[in-house]
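*Asks:* Chain by chain, the residues:
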Amino acid sequence: MTQTASRTRLPGAGVLSRQRSLDLLRNGNLLVVFLLLCVVAALLAPEFLTTRNIANLLQQSSLTGIVAIGMTLVILTAGIDLSVGSTAAFAGMLVAVLISDGVHPILAIVASLAAGAAAGAVMGGLSAYLALPAFMTTLAGLTSIRGLTYLLTDGTPAGGDLPEGFQLLGGGFIGHVPIVGLIFIGVTVIAALVLRGTTFGEYVYAVGSNREAARLSGLPVRAVTTAVFAISGLLAALAGVLLTSRLTIGQPTAFSGLELDAIAAVVLGGTNLFGGRGKVFGTFVAVLLLSVLKNLFNLVGLSSFFQMVVTGLILVAALILNRVLENRGDR
Amino acid sequence: MSEPQTPLLEMRGIVKRFPGTLACDGASLSVRAGEVHCLLGENGAGKSTLMKILAGSYRPDEGEITLAGRPLRCTSPQDGLAAGISVIYQELDLAPDLTVAQNLFLGRAPARGPFVRRRARSAAAAEAIRRVGGTFSPEDRVRDLPIAAQQLTAIAKALTMDARVIVMDEPSATLGERDLEVVFSVIRDLAAEGRAIIYISHRLDEVSHIGDRATVLRDGRDVGVFDLATTSHDELVGAMIGQARELVRRADRPEPTGAPRLSIEHVTVGDILDVSGIDVRPGEIVGLAGLAGAGRTTLLAALFGAVRGEVRARLDGRPLPVAGPRTAVRNGLALVPESRKEQGLFLGLGVARNAAIAAHGLVAPRTRGRKKTAPVLTGLGVKHASPEQPVGQLSGGNQQKVVLAKWITRGMRVLLLDEPTRGLDIGAKADLYRQVRRLADDGVAVLLASSELAELTAHADTVWVLHEGRNVARFDPRTTPEADIAHTVITGAKP
Chain P
1 MTQTASRTRL PGAGVLSRQR SLDLLRNGNL LVVFLLLCVV AALLAPEFLT TRNIANLLQQ
61 SSLTGIVAIG MTLVILTAGI DLSVGSTAAF AGMLVAVLIS DGVHPILAIV ASLAAGAAAG
121 AVMGGLSAYL ALPAFMTTLA GLTSIRGLTY LLTDGTPAGG DLPEGFQLLG GGFIGHVPIV
181 GLIFIGVTVI AALVLRGTTF GEYVYAVGSN REAARLSGLP VRAVTTAVFA ISGLLAALAG
241 VLLTSRLTIG QPTAFSGLEL DAIAAVVLGG TNLFGGRGKV FGTFVAVLLL SVLKNLFNLV
301 GLSSFFQMVV TGLILVAALI LNRVLENRGD R
Chain A
1 MSEPQTPLLE MRGIVKRFPG TLACDGASLS VRAGEVHCLL GENGAGKSTL MKILAGSYRP
61 DEGEITLAGR PLRCTSPQDG LAAGISVIYQ ELDLAPDLTV AQNLFLGRAP ARGPFVRRRA
121 RSAAAAEAIR RVGGTFSPED RVRDLPIAAQ QLTAIAKALT MDARVIVMDE PSATLGERDL
181 EVVFSVIRDL AAEGRAIIYI SHRLDEVSHI GDRATVLRDG RDVGVFDLAT TSHDELVGAM
241 IGQARELVRR ADRPEPTGAP RLSIEHVTVG DILDVSGIDV RPGEIVGLAG LAGAGRTTLL
301 AALFGAVRGE VRARLDGRPL PVAGPRTAVR NGLALVPESR KEQGLFLGLG VARNAAIAAH
361 GLVAPRTRGR KKTAPVLTGL GVKHASPEQP VGQLSGGNQQ KVVLAKWITR GMRVLLLDEP
421 TRGLDIGAKA DLYRQVRRLA DDGVAVLLAS SELAELTAHA DTVWVLHEGR NVARFDPRTT
481 PEADIAHTVI TGAKP
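Those sequence lines, one after another, are chains P and A.
The numbering of the first sequence is UniProt numbering, which starts it at 1 and goes up by one.
The numbering of the second sequence is UniProt numbering, which starts it at 1 and goes up by one.
Please keep in mind that the hints were generated in silico from the structure rather than gathered at the bench.
Bear in mind that the values here come from a model prediction, so they are computed numbers and not experimental data.
We put the CB at the ideal spot given by N, CA and C, even for glycine.
Be a bit skeptical, because a hint or two may be false.
In silico DSBU-like cross-links for lysine-lysine, where the CA-CA straight-line distance does not exceed 35 Å [to be verified]:
1) A:Lys-371 to P:Lys-279
2) P:Lys-294 to A:Lys-383
3) A:Lys-371 to A:Lys-383
4) A:Lys-383 to A:Lys-372
5) A:Lys-341 to A:Lys-372
6) P:Lys-294 to A:Lys-341
7) A:Lys-341 to A:Lys-383
8) P:Lys-279 to P:Lys-294
9) A:Lys-494 to P:Lys-279
10) A:Lys-371 to A:Lys-341
Partial selection, computed: residues in chain A whose CB lies under 7 Å from chain P [what the hints assert, rightly or not]:
11) Arg-326
12) Val-329
13) Gly-332
14) Leu-349
15) Ile-357
Beyond 12 Å from chain P on every Cβ pair, some chain A residues (computed) [as the list claims (entries may be wrong)]:
16) Asp-179
17) Glu-342
18) Glu-419
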């Protein structure tokens, strides 16, 4: 028996090459749109291409971006995490409170990240082991974790005199590059490597692609589900810690609505909301795209009300485009 | 009753082809008003296809249907209902969260403008329930009713649609004996009103009890119409299995020897499965025969830990722990499930990923994974354009081989095959069995469940017959005529 018999006509071969070019188009089109948008921005607003503006842009998008990477993993398993905004706010407050109470900053950071991961693991675990819908467990998380955040200080901001080193984390620069931007890029690269190169990554796709087949193949379906929520919680907590570090203060009201921004970026990045298909790179580009868009609006002086309308319309347009390309790919 | 009269329903020369199979090959059926007409046949004889054509779910490739002398052309189930044909499927397509009244008039509720006339609907529903002898209220939620009452609801629904032909697909499969008697008396009343009832069942006792006449289908064709009052069970069974079926040539193999690898001591699942004393030796293929619902799938799923049951079994002499698929896989069990697309494969993922997913520590797109999956896929002859090609794009036969590849890459001691050739053409079937045989020759113990008796007798070393959840007889397919096994499959007893 010969390897995939080149003599016999393979019905799949033509389909596949077309599939590949479509994949390229689908993955590439976001990048193309992103670059075009940058060109337009540079033409419309000369200050767009200044290092200062680019650095600002990266700094603003990084926190949402870090959370969106975690969200990508969750959505790849066909789950959803609505609690990220509250988790981020909680971790941001916790780290400020702990440091103010004299805990060593590194220990405070580790504790806050652990708290985020634990919260994610609980919500994911409830959904995995008791078969509760993730939408509901994380919606419950959204409210109760936000409540806990307020309870920490009775609703007032925390911190104020955080150590200089800690402030560098969220607000510092290396050369012209903001440290949070580097962290965002690092998180993206690690997530991409994990998804591409580890068994866990394979399982994430498998669970999202066909849960029942994954179960009957002996995969640790419930552990994988729990793990992606823990990772999402961890990354949300990281975003919270970074914000506190930049603002030098913990804000209990921070990050409201973050979950929607993150989900929007993930879906815009081409990840299937029903699991099994998608890449963190798509999410990465989508996060930048959304924030360039916002930046552009600001530079040309569009009101924020108008911005909201246009951002929504662009999301819908992108989804329609993806659907059109996908239908063509399925044929 | 048996006065000659013109039939109410006639189906003549129905042909229906599906890719790779001929489901109906000139089947005819003639049913009189006022009779309970049974439809008999082995698995795959064409009963369900014929009834789906009658209902309008499928369109026949050839043949004609007349209802009360007028040609009937249904292109959708709605047409069938409008013409007065109502099919009550085994799984009763009722909406479980709606009330009985809502179900009875689904889509046809009496209304004034946009408002449902609840009271009128309730009254009409109560009347329909009374006619089928039900004692439940029209406002009861279907989910809360016992199965028998749900069955009556489905019949009442047929009545409210003024059905002239009512098809009942194995109602006894889900009913207990006393409930069945209630349903039977309703069926007799309906027939007495001049309706025609087509009753599908595997159980011959029941058929002679309720039916007036029976049409037997075999291989997509009608082979005879019998007056049930004067026909013995043996005659019916003979018609169902046919007499002179060709013996499939078997490859001669050495007798598997050695201690059993898998020893099924006792497996029970609720009250639907109670199996004991089946052994599978390394290199042996043990076939499981039985009618639909006889427990083949449940037995395999219970062994694999995919459904919960009481399992006492030994693997290579040691007790087999059963805690779930994960444990099963760790112990070297492998399951090729009944429905490969829903349970076996990740359709959107690539061929290589699918093949590597069960093997721990293998990452398919990387070289290490490739090295392991490529020879397996080549050895099985999986035709694919590249390792990244999504499995969903492959043909059925190649998809099934990818499911096998998944387990070969991992390695296994026991292979559980559930209906592995469903939907495959003859060439792909032969190819698949060749691969299974090779695995057996390498020492894997194979448990093969199939509704295709010919495949079992051709490929299995031993055939066990399951009947209503019990393993009733064991045959050596080399020395037993297939007809004897078929007889046992239908009746549950050796001829």
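*Asks:* Does each hint fit the structure? Answer for all of them.
*Replies:* Against the structure, the hints come out as follows:
1. A:Lys-371 to P:Lys-279: Status holds; Cα separation ~25 Å.
2. P:Lys-294 to A:Lys-383: Outside the cut-off at roughly 49 Å; violated.
3. A:Lys-371 to A:Lys-383: OK: Lys-371 of chain A and Lys-383 of chain A at ~17 Å, within 35 Å.
4. A:Lys-383 to A:Lys-372: holds, 17 Å
5. A:Lys-341 to A:Lys-372: Roughly 24 Å separates the two Cα atoms, so the pair holds.
6. P:Lys-294 to A:Lys-341: Status violated; Cα separation ~43 Å.
7. A:Lys-341 to A:Lys-383: Judged against 35 Å, a Cα distance of about 17 Å means the pair holds.
8. P:Lys-279 to P:Lys-294: holds, 23 Å
9. A:Lys-494 to P:Lys-279: Cα-Cα ~59 Å, so violated.
10. A:Lys-371 to A:Lys-341: Satisfied, since the Cα-Cα distance of roughly 26 Å is no more than 35 Å.
11. Arg-326: With Cβ-Cβ at 5 Å, under 7 Å, it holds.
12. Val-329: It holds, given that the least Cβ distance between Val-329 of chain A and chain P is near 3 Å, below 7 Å.
13. Gly-332: violated, 11 Å
14. Leu-349: holds, 5 Å
15. Ile-357: holds, 5 Å
16. Asp-179: It holds; Asp-179 of chain A is separated from chain P by about 31 Å at its closest Cβ, greater than 12 Å.
17. Glu-342: violated, 6 Å
18. Glu-419: holds, 14 Å
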